[in-house]
Each structure stands twice: as C-alpha cells, then as structure tokens.
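Colleague: Residue numbers (this note's numbering), protein chains in the order written: chain X, 1 to 512; chain E, 513 to 860.
No wet-lab data here; the hints were simulated from the structure.
Take the hints with a grain of salt, since some may be wrong.
If we take Cβ atoms under 10 Å as the criterion, some of the chain E residues that face chain X in the derived model are [unchecked claim]:
| # | residue |
| --- | --- |
| 1 | Thr599 |
| 2 | Leu612 |
| 3 | Asp616 |
| 4 | Asp823 |
| 5 | Asn824 |
| 6 | Asn854 |
By construction, the Cβ of each residue, glycine as well, lies at the ideal position given by its N, Cα and C atoms.
Read off the chains here:
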Amino acid sequence: MLRKKIIIPALAVLLLPALTSCNDSSVENAGEDFKVYSIQQLKERATKDNPVKVEFWHSFGHNISQHLDPLIEDFQKEMEDQGIYITVNAKSIGGGYDGLRARVNQGTKTNSIPTMILGYPDHFADYIANDILLPLDDYIGSSDAEIGFTNDEVANDFVPSYWAENQMVSKDGKNIVAGIPFNKSTEVMYYNASVVDPILEANGWLTTDGQWDTPTWDELWTVASTLKEKVANGTCSWKYNADGKTATITAKKSDYPVYIDSEANFFITTARQWSNNKDQAVYTRVDANGNGTVVFDNAVTRQVQAYFMEKAEAGLWNLPAKVNQGYGSNMMVNNEAFISIGSTAGVNNNASTKYEMKVAPIPQKSYEEGVQAVIQQGTNAAILKNNSNNYTRLAAWLLIRYLTSTDITSQFSMKTGYLPVRKSALNSDEFQEFLADANSIFGGDTAKAINSAYSQQSYFYTDPAFQGSSLVRDVVDLMVQTIYCNGATIDSAMQVAYQSLRDYKINVQVIE
Amino acid sequence: MEHEEAKKPTFWANVGNFFKKIGSKISEKAAKKAGSSNKTQMLEWKKDGWKATVCLAPALIILAVFTFYPILNTFLVSFFPDYNYVTDEFGSFGFDSYALVLQDATFWRAMGNTALMVIVSVPLSILIALIITVLLNSIKKLQGFFQIIFFLPYVTNGIAFGLVFATIFSPMDYGLVNTLLNAVGISSVGWTGTTNIPYWAGLFVITVYAIWNGLAFKILVFLSGIQGIDKQYYQAAQVDATPRWRVFTKITVPLLSPMILYITITSMMGAFKSYSSVVSLFGESMGNGQNETFITAVGYIYKYFNRVVHDNISWVLSRASAAAVILFLFILAITGIQMWANKKKVHY
Numbered sequence: 001m002l003r004k005k006i007i008i009p010a011l012a013v014l015l016l017p018a019l020t021s022c023n024d025s026s027v028e029n030a031g032e033d034f035k036v037y038s039i040q041q042l043k044e045r046a047t048k049d050n051p052v053k054v055e056f057w058h059s060f061g062h063n064i065s066q067h068l069d070p071l072i073e074d075f076q077k078e079m080e081d082q083g084i085y086i087t088v089n090a091k092s093i094g095g096g097y098d099g100l101r102a103r104v105n106q107g108t109k110t111n112s113i114p115t116m117i118l119g120y121p122d123h124f125a126d127y128i129a130n131d132i133l134l135p136l137d138d139y140i141g142s143s144d145a146e147i148g149f150t151n152d153e154v155a156n157d158f159v160p161s162y163w164a165e166n167q168m169v170s171k172d173g174k175n176i177v178a179g180i181p182f183n184k185s186t187e188v189m190y191y192n193a194s195v196v197d198p199i200l201e202a203n204g205w206l207t208t209d210g211q212w213d214t215p216t217w218d219e220l221w222t223v224a225s226t227l228k229e230k231v232a233n234g235t236c237s238w239k240y241n242a243d244g245k246t247a248t249i250t251a252k253k254s255d256y257p258v259y260i261d262s263e264a265n266f267f268i269t270t271a272r273q274w275s276n277n278k279d280q281a282v283y284t285r286v287d288a289n290g291n292g293t294v295v296f297d298n299a300v301t302r303q304v305q306a307y308f309m310e311k312a313e314a315g316l317w318n319l320p321a322k323v324n325q326g327y328g329s330n331m332m333v334n335n336e337a338f339i340s341i342g343s344t345a346g347v348n349n350n351a352s353t354k355y356e357m358k359v360a361p362i363p364q365k366s367y368e369e370g371v372q373a374v375i376q377q378g379t380n381a382a383i384l385k386n387n388s389n390n391y392t393r394l395a396a397w398l399l400i401r402y403l404t405s406t407d408i409t410s411q412f413s414m415k416t417g418y419l420p421v422r423k424s425a426l427n428s429d430e431f432q433e434f435l436a437d438a439n440s441i442f443g444g445d446t447a448k449a450i451n452s453a454y455s456q457q458s459y460f461y462t463d464p465a466f467q468g469s470s471l472v473r474d475v476v477d478l479m480v481q482t483i484y485c486n487g488a489t490i491d492s493a494m495q496v497a498y499q500s501l502r503d504y505k506i507n508v509q510v511i512e
Numbered sequence: 513m514e515h516e517e518a519k520k521p522t523f524w525a526n527v528g529n530f531f532k533k534i535g536s537k538i539s540e541k542a543a544k545k546a547g548s549s550n551k552t553q554m555l556e557w558k559k560d561g562w563k564a565t566v567c568l569a570p571a572l573i574i575l576a577v578f579t580f581y582p583i584l585n586t587f588l589v590s591f592f593p594d595y596n597y598v599t600d601e602f603g604s605f606g607f608d609s610y611a612l613v614l615q616d617a618t619f620w621r622a623m624g625n626t627a628l629m630v631i632v633s634v635p636l637s638i639l640i641a642l643i644i645t646v647l648l649n650s651i652k653k654l655q656g657f658f659q660i661i662f663f664l665p666y667v668t669n670g671i672a673f674g675l676v677f678a679t680i681f682s683p684m685d686y687g688l689v690n691t692l693l694n695a696v697g698i699s700s701v702g703w704t705g706t707t708n709i710p711y712w713a714g715l716f717v718i719t720v721y722a723i724w725n726g727l728a729f730k731i732l733v734f735l736s737g738i739q740g741i742d743k744q745y746y747q748a749a750q751v752d753a754t755p756r757w758r759v760f761t762k763i764t765v766p767l768l769s770p771m772i773l774y775i776t777i778t779s780m781m782g783a784f785k786s787y788s789s790v791v792s793l794f795g796e797s798m799g800n801g802q803n804e805t806f807i808t809a810v811g812y813i814y815k816y817f818n819r820v821v822h823d824n825i826s827w828v829l830s831r832a833s834a835a836a837v838i839l840f841l842f843i844l845a846i847t848g849i850q851m852w853a854n855k856k857k858v859h860y
C-alpha cells in the first residue's frame with residue numbers, strides 16, 4: 001500500500017516535465033516591455049559564447065529556402081564581423097502560409113511562437129487581435145542610422161502599395177506598421193505564343209517587339225474563340241524545335257482555351273475593374289477601428305459575373321476545377337489550353353519546350369477609362385513580441401532590414417522570381433540587365449514574368465485585412481467554384497455565401 | 513417482482529459482462545495453454561494489486577491527459593458559447609452552441625450522410641468479410657498466401673491507397689472505371705474530385721473505399737475466431753450430413769457472434785467518424801463547392817474547428833464541441849441499443 005502511495009505520485013512527477021516542456025520558453029525575459037536597444041547594447045549581450053537566438057518561421061519549400069538560407073548565413077557573418085553574434089534558426093512550417101498562420105494561432109496559447117515571421121496582412125490582423133504582434137514604428141523611426149529607415153526610403157524607395165498594405169490599426173486603435181514587405185508577386189497571363197501570336201498579329205494587337213502589352217477581356221475572348229474554332233476544324237497547329245529538328249503539334253482537344261487559376265482573385269479583381277472608381281468598395285471595407293464589413297453582393301459583382309458566365313457558357317474560359325485540375329498550367333503544357341492567368345510564382349509550370357511561352361499583364365476591362373486592377377500578393381516580415389525580448393527583437397529587426405535592403409531584395413528576386421520590394425533594386429543596373437534577358441533564346445522566363453508583373457505596378461491593389469478576412473476569401477473561392485463548376489446561379493451562390501458568413505458572425509451588407 | 517426488477521442488469525453491467533466474458537475466454541485459453549490454473553493466477557493478482565496499479569499507471573496517466581481530459585474539456589467548452597481559444601476566457605454559460613448546431617440544416621445533412629454511410633458500408637463490409645473468412649478457412653492449399661493477400665490493405669500506406677483510388681475512380685476519361693464505361697458507350701462519371709459529382713456516384717465510391725479499407729482487419733478477427741471454434745461441432749454436423757448453409761448459420765455464425773458484435777460496434781463507430789476518406793476523395797469542401805454534398809458529422813466538426821486555428825475565429829470552437837458532444841451521445845445511444853438488441857443473439 002505504501003509503495004503504491006509512493007510510486008503513483010512519483011510517476012506523475014516524472015511525467016510532468018515531459019508534458020510541461022510543450023510550454024517551455026527558452027527566451028529570457030520573454031514578453032518584456034518593448035524598448036529599442038542600441039547596437040552597442042546588442043553587441044554587449046550577443047557574445048560569441050552567448051549568441052542572441054532568433055527563431056524565424058516561413059513556409060518556403062526547398063526551391064525558395066535554398067536561396068534564403070545563404071542570405072541568412074551572410075547576415076550572420078556580417079554581424080559577426082561587427083562583433084555581434086546572432087544565430088538565426090530559420091524553419092519552414094508545412095502547410096503553406098495557412099499552415100504557418102494556424103501554427104502561430106495554436107502556439108499563441110502556449111507561447112511557443114517565433115520571434116520573426118512571414119505573413120499576409122490578414123495573418124497580422126489575427127496577431128494584432130491576439131496581442132502578439134510588435135509594431136515596427138519605433139525601429140523604422142529610430143534616429144540610429146544602423147537601425148532606422150530614412151524618410152526617403154519609406155516614402156520613395158519601398159514600392160508604395162507594398163508599404164501601404166502593412167499599415168494597420170492596433171488593438172488600441174493606433175495606426176501602426178505591422179510588417180515590412182519581403183517577397184512579392186502578382187498575377188500575369190501566360191500564353192502559348194506559338195499559336196496565339198499569329199492571332200494577335202492578325203488583329204494588330206502585337207507590339208513591334210512582339211508583346212501583347214495591353215490586353216483587354218474583349219481581346220481575350222476574340223483570341224479564345226479563334227482558338228476554339230481552330231481546334232474544332234483541326235487547324236490549331238504550330239511548329240517547334242526538338243533535337244535540332246522542326247516538328248509540328250496539332251491541338252486535338254481543348255475544353256476551354258483559357259483558364260483562370262484563382263477563384264477569389266478573379267472575383268475581386270474583375271469587380272474592381274468594373275467598379276466606378278478606385279475607392280468604391282466592391283468586396284470588403286474596413287472602418288477606422290479595423291472592423292470589416294463584407295459588401296461583395298452588389299450590382300457591380302452581379303453584372304461582372306453575368307458577363308463572365310456568358311463567356312464560360314460559350315466555352316471560352318473556365319476554372320481549372322471545372323476539369324478537376326488545380327492549375328491552368330496543367331492544360332497548357334498538355335496543349336489542351338493556350339492561355340492561363342495565374343501567379344508570377346508559377347512561371348516555370350507554364351513553360352514548355354513544345355511552344356514559346358510569353359507573359360502578358362492580366363486583361364483589363366479598359367485602359368482608357370474606368371479602373372485598372374491586378375492583385376498584389378506575397379508576404380511581409382513581422383516580429384512577434386510574446387516569446388521574444390528586446391535583444392532578440394532587435395536582432396530580428398536587423399535581419400529584416402538586411403533582407404529587404406536594395407542588394408539583397410534584388411538578389412533574392414533574381415533567384416526566386418519574386419518581385420523586389422524597393423525601387424532602387426528594380427532600377428539597379430544588375431537587375432535591369434537581368435530583365436533584359438527576357439527575350440534571350442536561352443530562357444529568361446522569370447524575367448519575362450517580372451517584366452509583365454512590373455508593367456502592372458501602377459494599379460496593384462490589396463484589400464484591407466480584418467479579423468475574418470481570410471475566411472471571406474475562402475467563402476468567395478467556394479462561391480465562384482460553385483457558380484462555374486457546379487451550375488449554381490449567381491443569386492443562389494451569393495445568398496449561400498452570405499448565409500455562411502453570417503453563420504460566422506461576419507458583418508455583411510447587400511448593396512443594390 | 514421487485515426483487516426480479518432489481519436483479520435486471522443495467523446497461524453498464526451488460527457492457528462490463530461483455531468484456532469480462534471475452535476476457536475470461538482469452539485467459540481460459542491462455543491458462544489451458546500454459547497448463548496452470550486460472551484461479552491461482554487471479555488470486556496472485558489480487559494479492560499483488562499494487563503491481564497492476566504500477567503497470568497500468570503510465571497508460572492511465574497518458575489516457576487521462578490525452579483522452580479523458582480533452583473529452584471533459586470538449587463537454588465543458590460546448591456549454592460556453594463565447595469561449596476564447598487563445599485567451600482561455602470562458603464567458604457565460606449557455607446552451608446556445610447546442611441550439612445553433614441542432615437548428616443547422618447542414619448538421620442534419622451531415623448526420624444523414626453519415627448514417628447512410630454507416631447503414632450501407634457496415635453490414636456490407638461485415639458480410640463480405642464473413643464470406644471471405646469462411647472461404648479462406650475452407651481452402652487447404654495456399655491458405656497462407658491468400659491470407660497475406662487479404663491482409664495487405666491493412667499494412668498499405670494510405671497515400672498508396674489514395675493513389676489506387678484516384679486511378680480507378682478518376683473523373684477524367686482516362687480513369688479505369690470511366691475507360692470501361694466509355695468502352696461500352698456510357699459517358700464518363702464524376703466519381704471523385706471537387707466538382708460535378710453525382711450523389712449516387714460519390715456514395716458508391718465512399719462505400720467501396722470503406723469496405724476495402726476495413727476488410728483486412730475484419731477478416732483477421734473473424735479468421736482467428738473461426739479457427740478457435742471447436743472442430744467437434746463441424747465433425748458432428750458432417751456425421752449428420754448437415755448442408756453447408758446450415759452449418760454456416762447454425763454453427764459458424766452463432767459461435768462467431770461475440771466477434772461479429774465486436775466488429776459491428778467498432779466498424780459502426782469508425783463509420784460514424786468518417787472524415788479523412790471523404791476529404792481525400794472530394795477535397796476539403798467535401799464535394800461540389802458550397803454544396804458540401806458529402807459532408808459528414810466529423811467533417812462538420814472539423815469545418816468549424818479549422819476556422820479556430822486557421823482564421824482565429826475563436827468562438828466557433830464551442831459550436832464544434834457541441835456538435836462533437838451530440839455525435840458522441842448519438843454513437844453511445846446506438847451502441848447501447850445494439851448491445852441490448854444483440855444480448856440474446858450473442859453466444860459466449
């Protein structure tokens with residue numbers, strides 16, 4: 001009996017550390033009040049024997065992290081040369097950006113979160129709501145030239161729309177800078193130029209240097225219907241070079257000549273293009289306190305969807321989901337489609353040795369009047385305050401500063417296809433040379449995508465983030481898929497979407 | 513009369529008796545094999561009870577932390593509609609989450625889909641497993657080989673399983689089933705995928721998946737049961753020239769009945785928890801976009817739970833918990849009814 005009394009509590013005691021270790025925080029003074037330390041203070045603390053550790057979470061796969069890791073090593077070396085010892089533990093979290101955010105949201109409760117993180121503004125809205133995000137204003141505004149940014153950098157060097165999407169409202173209603181733009185992308189239109197260029201040329205839409213530089217939706221439908229006719233009468237053929245010989249391909253089947261990858265991007269972008277002015281809210285809007293309202297059930301979106309439905313019913317375009325695929329590039333490389341609208345990050349998936357791939361901006365309703373719009377994508381770097389102290393925060397800030405510097409953003413962009421976040425990087429000789437390679441016969445697909453992406457820079461947009469905005473996007477994704485792939489009417493799909501949002505207590509408003 | 517009423521075993525006593533009987537059968541066999549007296553062993557255990565406690569303690573502690581505590585927590589959270597997952601603030605007590613779930617047409621559709629999957633797949637899979645077991649047991653040559661063949665799905669990786677299904681039931685023209693259909697002039701069917709899946713087609717694929725997935729374990733249990741039946745019964749039937757069907761219904765099935773009950777209950781519980789198969793076949797939206805055509809009860813729970821971690825919409829955790837509690841009570845009730853109904857038909 002006595003032994004029983006001893007052994008059971010002993011086992012419980014033994015097991016306890018194993019269970020509580022999940023909640024272990026290795027950061028000294030984690031969550032202390034924020035203060036901007038000087039470089040000298042960091043130097044005194046970050047010694048060789050006791051380096052400052054920065055936990056950095058991203059969600060890049062090997063293709064991207066193989067280019068990021070050497071940059072981090074360079075940063076550590078550069079710091080070491082100054083006598084500051086920083087160890088960055090860069091970790092890729094599975095499940096993409098959604099997985100990354102879910103991991104942070106789950107880890108918040110046990111304070112098992114990193115110091116530095118990449119994320120979208122709607123992720124930051126979650127972190128602000130949970131009071132774990134560190135506003136970067138004090139670092140940015142620091143008078144220490146080794147810490148702060150100059151006013152000129154902020155106002156004129158960072159791409160304004162990238163900087164703008166990080167302007168958010170804190171829990172106590174203050175305007176804050178939530179993150180610094182890091183890896184950016186947008187949507188472009190990939191096409192099989194071997195078969196599309198002759199049609200463009202016949203219509204006079206090709207520039208002298210062979211580019212389709214200002215495509216409109218009307219032009220796209222003309223090209224799509226010509227392609228459809230050609231496939232139907234067996235004349236959709238083109239020549240390509242293989243093993244030094246010229247071969248001919250004839251496309252035998254094409255359910256849809258055009259595919260648009262992202263349901264939500266398509267819905268939001270076209271709604272903006274059809275809106276009366278840039279400030280008209282056609283998707284969501286956010287008030288001064290950061291509270292969001294969904295307004296996508298309105299006359300503009302209904303008109304746009306009716307227009308696109310007519311074209312889909314004519315077999316000119318559809319979503320990849322319609323043919324049970326994830327991306328239009330799958331049909332492109334199988335010669336079953338000839339045009340695919342998707343992210344710049346997907347450039348290599350659209351390229352093929354069996355046709356010449358060209359990249360154009362996404363179509364607009366008009367370039368002369370109304371609103372031009374293309375979505376701005378990609379993440380920003382932020383610092384989380386709960387599992388960090390003022391030394392790890394400063395070390396993380398210096399890393400962000402390094403990674404977004406002119407040289408590094410340029411290098412990262414050229415290797416990965418993401419867009420540089422500074423104008424000075426874009427305008428640098430090295431980067432301009434890289435872009436000029438777009439027309440090289442030796443490749444340059446990434447440069448082609450970046451060229452097209454930047455030609456749309458003046459009308460990049462992002463939607464304001466609020467708590468629940470990512471859910472709204474998911475609901476729109478499903479709504480669009482249900483309209484185009486499952487035969488739902490626009491009315492019923494909109495009603496179901498709004499009902500679903502009300503179910504989650506998201507503010508919705510129908511605008512007649 | 514009163515005395516008789518008092519003697520009537522309760523539901524929990526029935527559950528206890530069921531496991532006690534299975535346990536004593538096993539220990540009897542073990543004792544026989546070891547050639548020692550079962551009684552003596554039991555006495556030793558009583559005397560050395562602390563040993564049992566120590567041996568069980570790690571498992572009990574782990575179960576308490578990772579199973580019982582989450583279950584209790586689920587019950588608790590379901591009664592606090594404003595529970596905040598991150599801050600652990602409970603808010604006020606109420607039944608709002610239960611009201612929301614019970615008034616939600618999607619929940620009842622999910623329960624309907626789940627019930628249909630249970631009703632179709634469980635009896636079918638048990639029947640098929642039983643037939644295969646009897647056939648396997650009756651063959652002399654290559655019995656081991658066929659046992660391995662039928663047991664293979666049990667040790668096959670889920671991804672490989674998914675790939676096989678994706679090839680067989682691909683909605684594209686090149687899918688195996690669609691190729692066969694096209695060969696006889698029938699147009700392709702959207703068996704799987706995320707869009708344009710007819711209800712009957714999706715349900716057919718889920719059923720085939722569930723049967724295939726669960727068959728190996730069922731055969732394994734039935735085979736061990738059937739091989740444990742005393743050969744004298746079959747010899748007596750042989751002497752009497754009893755027809756095979758009668759031998760099956762009067763000897764094999766009754767003597768396998770404890771195993772059949774066990775398999776029925778565990779299969780039913782498994783089928784009620786269907787989720788991963790539906791997601792792997794029809795995507796996270798569980799079929800046909802907004803329609804969520806094949807949503808299951810657990811799919812409904814996950815739909816809300818995922819919003820907590822993915823979108824930081826904390827309050828829906830209470831709703832997910834309420835749905836989980838309702839499903840738990842539902843499974844408990846069905847299991848109870850099943851055990852009560854089978855009381856006289858199960859022979860130990």
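Colleague: If a hint holds in the structure, say so; if it does not, say that too.
Modeller: Against the structure, the hints:
Annotation: Thr599 of chain E was flagged as interfacial toward chain X, and the flag holds, the nearest CB pair being 8 Å apart, inside 10 Å. Among the interface hints, the one on Leu612 of chain E holds; its C-beta lies about 8 Å from the nearest C-beta in chain X, closer than the 10 Å criterion. Interface hint at Asp616 of chain E: satisfied, since its Cβ lies 8 Å from the closest Cβ of chain X, which is below the 10 Å cut-off. The closest approach between the C-beta of Asp823 of chain E and any C-beta of chain X is roughly 4 Å, which is under the 10 Å cut-off, so the hint is satisfied.
For Asn824 of chain E, the shortest C-beta to C-beta distance to chain X is roughly 4 Å, which falls under 10 Å, so the interface hint holds. Taking 10 Å as the C-beta contact cut-off toward chain X, the hint placing Asn854 of chain E at the interface is violated, the least distance being around 38 Å.
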